[in-house]
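Quick mapping for you: the protein sequence lines, in order, are chains A, B, C, D, E and F. Each residue of the first sequence is one higher than the last, beginning at 13 in this note's numbering. Each residue of the second sequence is one higher than the last, beginning at 13 in this note's numbering. Each residue of the third sequence is one higher than the last, beginning at 13 in this note's numbering. Each residue of the fourth sequence is one higher than the last, beginning at 13 in this note's numbering. Each residue of the fifth sequence is one higher than the last, beginning at 13 in this note's numbering. Each residue of the sixth sequence is one higher than the last, beginning at 13 in this note's numbering.
Check the hints yourself; a few may be wrong.
No copy is singled out in the list; a pair is fine if it fits within one copy or between any two copies.
Cut-off 25 Å, straight-line C-alpha distance, at most; resulting in silico cross-link-like pairs (DSS-like, lysine-lysine) [unchecked claim]:
# : residue 1 : residue 2
1 : Lys28     : Lys198
2 : Lys127    : Lys294
3 : Lys127    : Lys198
4 : Lys198    : Lys294
5 : Lys294    : Lys28
6 : Lys127    : Lys245
7 : Lys294    : Lys245
8 : Lys28     : Lys245
Honestly, the hints are just simulated from the structure, not real lab data.
These are the residues of each chain, in order.
Number of protein chains: 6
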Amino acid sequence: MSDSNQGAAASTQPRKPFGRILLTGAAGNLGQQLRGALSAWADIVRVSDVAPLGDAAAHEELAVVDLADRDAVHALLEGVDAVVHLGGISVEAPFEDLLEANIRGLYNLYSSAQKHGVRRIVYASSNHVVGFHPTTSVVDIDAPLRPDSLYGVSKCFGESLSRYYFDRFGLETVCLRIGSSFEQPKNPRMLVTYLSYRDLIELVRCSLFTNRVGHAIVYGVSDNRAKWIDNAKAAFLGFHPQDSSIEFEHLFPAGAPTTDLDDPTQRYQGGAFVLAGPMEPKR
Amino acid sequence: MSDSNQGAAASTQPRKPFGRILLTGAAGNLGQQLRGALSAWADIVRVSDVAPLGDAAAHEELAVVDLADRDAVHALLEGVDAVVHLGGISVEAPFEDLLEANIRGLYNLYSSAQKHGVRRIVYASSNHVVGFHPTTSVVDIDAPLRPDSLYGVSKCFGESLSRYYFDRFGLETVCLRIGSSFEQPKNPRMLVTYLSYRDLIELVRCSLFTNRVGHAIVYGVSDNRAKWIDNAKAAFLGFHPQDSSIEFEHLFPAGAPTTDLDDPTQRYQGGAFVLAGPMEPKR
Amino acid sequence: MSDSNQGAAASTQPRKPFGRILLTGAAGNLGQQLRGALSAWADIVRVSDVAPLGDAAAHEELAVVDLADRDAVHALLEGVDAVVHLGGISVEAPFEDLLEANIRGLYNLYSSAQKHGVRRIVYASSNHVVGFHPTTSVVDIDAPLRPDSLYGVSKCFGESLSRYYFDRFGLETVCLRIGSSFEQPKNPRMLVTYLSYRDLIELVRCSLFTNRVGHAIVYGVSDNRAKWIDNAKAAFLGFHPQDSSIEFEHLFPAGAPTTDLDDPTQRYQGGAFVLAGPMEPKR
Amino acid sequence: MSDSNQGAAASTQPRKPFGRILLTGAAGNLGQQLRGALSAWADIVRVSDVAPLGDAAAHEELAVVDLADRDAVHALLEGVDAVVHLGGISVEAPFEDLLEANIRGLYNLYSSAQKHGVRRIVYASSNHVVGFHPTTSVVDIDAPLRPDSLYGVSKCFGESLSRYYFDRFGLETVCLRIGSSFEQPKNPRMLVTYLSYRDLIELVRCSLFTNRVGHAIVYGVSDNRAKWIDNAKAAFLGFHPQDSSIEFEHLFPAGAPTTDLDDPTQRYQGGAFVLAGPMEPKR
Amino acid sequence: MSDSNQGAAASTQPRKPFGRILLTGAAGNLGQQLRGALSAWADIVRVSDVAPLGDAAAHEELAVVDLADRDAVHALLEGVDAVVHLGGISVEAPFEDLLEANIRGLYNLYSSAQKHGVRRIVYASSNHVVGFHPTTSVVDIDAPLRPDSLYGVSKCFGESLSRYYFDRFGLETVCLRIGSSFEQPKNPRMLVTYLSYRDLIELVRCSLFTNRVGHAIVYGVSDNRAKWIDNAKAAFLGFHPQDSSIEFEHLFPAGAPTTDLDDPTQRYQGGAFVLAGPMEPKR
Amino acid sequence: MSDSNQGAAASTQPRKPFGRILLTGAAGNLGQQLRGALSAWADIVRVSDVAPLGDAAAHEELAVVDLADRDAVHALLEGVDAVVHLGGISVEAPFEDLLEANIRGLYNLYSSAQKHGVRRIVYASSNHVVGFHPTTSVVDIDAPLRPDSLYGVSKCFGESLSRYYFDRFGLETVCLRIGSSFEQPKNPRMLVTYLSYRDLIELVRCSLFTNRVGHAIVYGVSDNRAKWIDNAKAAFLGFHPQDSSIEFEHLFPAGAPTTDLDDPTQRYQGGAFVLAGPMEPKR
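Generate the whole structure from the sequences, applying the supplied hints.
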């Protein structure tokens with residue numbers, strides 16, 4: 013980590029629950045939300061992204077790293093107790109890009125984490141691994157995978173890879189199948205998939221502090237009125253969302269059902285993702 | 013619809029979510045509850061029954077129709093966007109009567125609705141389609157059918173017929189397995205099956221406004237203390253009852269369990285229905 | 013039964029397992045196959061149909077009866093120990109016709125059977141009660157009902173009605189979801205759904221002689237190579253088909269898959285039935 | 013019961029729901045909690061233990077009885093309407109001791125209860141019948157038995173024996189798989205398994221007053237944040253815990269997960285029980 | 013083992029798969045069948061019973077032992093590699109007798125086996141652990157326990173105890189839920205539950221030689237026509253029965269179903285066992 | 013395809029079921045088995061590998077192609093009706109190698125197949141996608157993925173990607189979870205996982221000729237005695253293995269179970285694969 017921007021020497025009083033947590037994808041939308049929260053739980057928060065990360069807080073270590081860079085990732089994991097992995101691409105993209113960031117990058121992360129003895133990774137999976145389930149159904153955490161995009165396929169890969177590292181080495185992972193985590197829902201579909209920032213942080217907290225998680229899967233959705241997901245089998249994590257999209261329902265006044273019954277963006281939980289891919293590579 | 017009693021010309025400003033909703037069985041107990049509610053959601057509410065319907069409100073069209081009358085039902089469905097079907101017989105009755113009202117009548121409704129391009133029907137099914145499940149079990153929406161009466165059998169028919177029209181033509185239906193919807197519970201069993209009028213209206217609202225429902229089944233029961241039903245798989249409808257029979261528990265003070273373990277009205281969820289039929293025809 | 017054509021006085025030595033079995037629909041394709049077989053199991057076989065039944069054998073009682081005729085059906089059931097009910101319509105038909113033969117007729121049968129103390133009915137249901145399940149799935153006897161036609165809906169009614177008579181009165185029924193029972197398969201789909209006559213007779217034998225059947229459901233399909241059905245939960249009936257459509261595969265040489273992926277007659281187990289209805293009434 | 017210490021003559025106005033309820037294990041931790049509660053529900057509460065029971069209240073009958081004493085237990089059950097059975101050993105112990113108290117004792121209880129026509133027993137089973145399920149799973153009431161101790165095995169025996177008495181004689185039982193019922197959680201694991209005294213009493217109330225329970229199983233756990241159990245299939249009992257361990261979470265501040273992934277007391281729901289046995293007999 | 017009757021010095025060429033197998037209950041019906049078979053698989057077969065065991069063969073060690081005698085059982089297990097445990101009571105009996113032979117005796121067996129490092133026990137459980145399932149159902153190896161007798165309850169205890177010893181110590185057990193293993197079926201019910209001696213031996217062979225069994229449950233039933241059981245989830249054991257009760261069907265010619273629908277011996281899989289208990293102790 | 017070695021002009025009489033089938037991985041062990049079989053089903057068999065393919069038969073087109081070469085793969089798929097995809101790496105390997113051959117290569121295949129309108133792909137997945145399930149369990153086609161190696165992870169990727177292409181474009185795939193397909197089993201584990209060459213060919217035949225397959229999963233295992241897999245839900249494919257490892261059991265005489273209960277190669281279905289990875293890249 014010699015080449016990273018160390019914001020500060022580690023605190024001299026290591027009394028927080030975790031010594032060092034790594035947050036990847038820290039410059040992104042969700043990363044910014046979690047960056048602050050993690051400081052309450054770890055003496056040192058190592059924050060990482062390919063994008064600029066701003067100034068380091070007193071307890072932070074900054075590292076600009078491309079996840080596809082094997083050696084850089086190996087260095088990034090050194091001395092880390094737990095990882096919150098938001099890094100990589102979180103929307104549909106050309107396969108080549110997903111291959112580098114979400115597939116090669118994830119392998120680099122797990123391979124390095126295992127070598128460094130990291131004990132747990134909180135992995136930002138996505139509800140898009142089941143996005144081709146119909147909107148007239150409810151999926152639990154054992155539902156068959158139905159990715160709705162190449163992005164969704166890359167997240168299926170992450171769930172498989174992390175399962176392997178748990179079965180093989182005992183490296184624990186919680187796969188968060190995050191819905192739509194924004195300031196507020198942006199369209200009617202997100203009334204169902206909305207995850208508030210506060211609930212996201214609570215979900216990460218549960219994922220880090222539950223004493224044993226094994227290889228767990230849990231949907232990241234607030235306590236919205238309508239639900240496509242069922243977390244009953246993940247109750248051991250103790251996640252209870254406090255927010256709901258109900259307060260935003262006025263933004264999208266209820267109308268009669270849309271009339272094109274065959275419109276895949278309405279038929280499937282993945283919404284617009286189901287038509288977004290596959291994208292051609294940018295040349 | 014030329015022969016029906018038009019309460020008023022259609023509103024000149026069609027800005028409600030639905031253009032025209034048909035409410036059948038409007039003169040009945042539940043029909044009266046819903047008649048008012050529907051006016052908030054549709055420019056025109058066509059209200060229908062075999063019994064007198066009183067005066068038409070400004071936005072209403074009144075139609076006295078026998079559901080067994082094929083041509084009359086065909087006319088009734090003209091220009092309708094969605095149907096809330098409470099019509100027919102809602103208690104045990106001689107088979108001949110159920111055959112006309114609930115079987116032939118339902119076929120007339122669906123056949124006509126399909127021809128007129130109606131998109132969705134909210135169908136008053138009943139928990140009596142599973143009334144022969146024991147009171148010591150909890151049924152979800154996939155539980156095997158166990159009708160407790162010929163009435164229950166007629167409602168099974170309705171669920172099958174509506175499933176066919178969805179699979180065949182995409183005509184959506186929400187089957188409401190309504191429990192005991194009255195002002196208040198009338199006996200101890202209804203503490204379990206009670207559905208408040210307010211929750212009934214909310215259930216119909218969810219059934220009409222959820223963007224996609226396919227062919228859905230949901231139990232219509234308030235948030236009572238003891239439950240024989242589990243709506244988890246219908247969570248996509250977003251139905252959350254607001255009322256509970258708890259406020260009425262004082263009406264039926266708890267006693268020791270009844271002593272006849274073989275009493276079918278106590279053993280089975282259907283209560284007195286399980287002994288009510290089959291009735292002989294009235295001659 | 014005074015007005016029926018009694019083929020012979022009952023045997024003076026009633027030593028067969030059953031005293032009197034009623035066979036309805038005896039003039040039809042399957043009825044003719046079973047008519048002979050039943051004579052080995054009952055002292056008297058009462059054979060019935062709306063169509064002519066030919067001459068009565070020594071042990072037979074003939075009765076030309078319209079199932080929709082309540083009083084005639086009541087008389088038909090007198091003195092009967094068990095029923096093999098093939099009567100009614102076995103293809104898609106206008107609703108009015110199905111209503112009379114398969115709905116009203118079935119009620120007449122069960123109502124009369126219960127009053128006469130009949131103990132068991134073997135009911136010819138159909139695989140068309142699940143015909144809208146895809147051909148890329150396997151349905152067991154608890155699969156959700158997905159009728160593919162109004163005919164299929166009428167068979168769903170029969171399964172519900174017979175369930176009610178069992179739960180209410182203990183009148184046992186075996187619902188045979190018969191596939192395609194012909195001399196030989198008539199098209200490629202029937203290679204999957206074929207039921208040989210010999211296997212049909214064996215299935216009826218198991219249904220009559222198993223000591224307890226309760227309300228049972230079983231698929232009637234021979235031991236064909238590809239299967240859409242799974243009878244594992246009906247193993248208590250002891251049905252083991254002896255024949256297979258393999259010997260007829262040469263009639264329909266394998267080709268590449270058909271190219272229209274959306275063709276419902278190829279997508280769904282019901283085949284051509286899924287498009288056959290609803291039929292308009294004959295006027 | 014002539015030799016027991018009768019606290020008082022039975023009330024002359026038998027107007028409570030139950031005439032006489034027997035409470036065994038009344039001197040224990042939970043017994044003391046329930047002893048008072050039962051007085052509201054029964055004219056007479058017969059309280060029993062091998063340990064001293066203090067003074068009898070006005071409505072109480074006291075009986076010091078060893079459950080392994082067949083004749084004494086027979087006398088204990090005379091005139092009893094319902095039993096709340098907390099008696100026996102509730103921790104890991106040498107097999108000989110469990111055999112006498114929890115196996116022979118339970119047989120004595122059921123055998124006598126059946127002979128005296130007792131209608132219902134509320135049986136203190138334990139979550140230790142499933143204690144070898146991992147802490148990364150959620151068990152419902154149909155989960156395979158995985159006892160974590162000889163104590164747990166003895167409770168499995170109780171569940172089987174009571175099932176037999178229900179199937180054979182209709183003697184109803186509710187098996188309460190009680191978690192950790194203390195004034196407050198004593199360690200971090202109990203944050204998950206905590207059952208408040210108030211919720212325990214409510215659970216017993218539901219178990220006694222639900223009109224039909226058959227042979228029911230329900231977990232006794234408060235509304236804690238993290239859960240290893242799922243009572244959805246027992247919803248017919250109407251148990252809704254009012255308390256939660258959340259108020260005690262400050263006693264056990266969250267730390268990073270413990271590091272020995274193979275530690276069975278952390279891997280399995282049974283906690284320390286999984287290593288506590290088998291104990292050698294005391295000689 | 014100094015006080016037991018050593019039939020012969022151990023073979024000097026220990027080349028069979030097992031060194032020493034213990035067979036308990038060797039004097040019983042099934043014990044006699046297995047006694048010979050085991051000699052092919054173990055250098056030494058230690059045969060045990062409370063009843064006389066006849067002469068020892070060259071490779072045999074004889075031990076007359078009461079399973080309730082803790083010290084004797086401890087000695088019995090010394091030097092044993094695997095156990096085939098048929099000992100104890102195999103019919104309904106007074107609880108006291110079952111307590112000694114099947115509960116205390118089984119604890120003695122497992123406790124001693126664990127201390128001596130025995131690796132695997134093949135345990136004769138019984139289909140009577142599920143005997144209160146109806147004859148109109150098919151139970152798989154995860155079906156809820158429904159013992160039909162105190163004997164059945166004692167076998168449930170054995171399944172729980174052995175599960176505990178596996179989860180706690182890794183001592184493997186195969187629970188054989190043996191049906192009716194006799195020379196031939198003795199009544200019509202046994203046409204369903206028949207297990208030929210040859211198939212019993214094959215089942216024990218699979219149970220001993222499968223490399224890993226964990227804690228397994230499997231039904232011991234031949235390839236009979238009608239089946240109440242489903243071994244699909246135990247396919248890893250490789251048990252394929254070679255015999256069938258079909259060859260004995262002529263002994264019990266098929267008749268019409270028995271007429272008393274409520275007769276529990278006909279309604280439940282356990283047959284006469286469901287009424288046999290509880291037996292009073294012999295005094 | 014101008015740069016590939018055309019073995020012969022296409023037949024002038026295109027009367028076989030398929031016009032052109034592409035076989036990838038044709039130089040490998042299984043490829044050689046299938047190369048001949050395919051000629052009976054397609055007018056032209058395009059055979060491909062990175063390794064030399066020998067001489068082209070009269071009906072063959074030869075193409076030496078690296079699957080990671082996007083443009084070459086695109087050309088390879090031109091004019092193809094169906095694909096049998098055995099290409100890629102079929103053992104544990106460094107991640108970089110798997111990434112190119114099994115991940116990038118598979119994307120290239122599906123992307124190109126979709127653009128060329130290919131209708132169906134038979135994809136050689138592997139039982140190593142579930143290899144971390146214990147050998148004491150039976151997995152069906154809906155079992156949770158438990159890859160036992162990075163190779164297994166790469167096959168999970170293939171199952172997800174092909175699912176996406178089916179849901180998105182209707183491109184059908186049969187995922188063959190092939191066990192151990194060799195001339196004969198090479199070790200005791202393969203007695204369970206053995207798939208004869210003849211059964212492999214039959215499995216491919218079923219996968220190509222079943223009229224609709226959607227996205228199907230099926231295990232490729234012969235009719236061996238012990239089984240870890242259950243194909244019941246794939247019965248619509250009509251696969252019935254004709255061979256069994258029984259004839260090879262003499263090669264691995266049964267011994268007592270191995271003694272290290274914790275040996276992962278014995279505990280898990282994947283055998284030696286569970287320890288084989290992750291491999292370091294070759295540098």
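Hint-by-hint comparison with the structure:
no. : hint            : in the structure
1   : Lys28 x Lys198  : between (37 Å within a copy, 23 Å between copies)
2   : Lys127 x Lys294 : between (35 Å within a copy, 18 Å between copies)
3   : Lys127 x Lys198 : neither (41 Å within a copy, 33 Å between copies)
4   : Lys198 x Lys294 : neither (27 Å within a copy, 48 Å between copies)
5   : Lys294 x Lys28  : neither (45 Å within a copy, 41 Å between copies)
6   : Lys127 x Lys245 : neither (31 Å within a copy, 38 Å between copies)
7   : Lys294 x Lys245 : neither (41 Å within a copy, 42 Å between copies)
8   : Lys28 x Lys245  : neither (30 Å within a copy, 41 Å between copies)
Taken one by one, the earlier hints fail for this structure at numbers 3, 4, 5, 6, 7 and 8, listed in ascending order.
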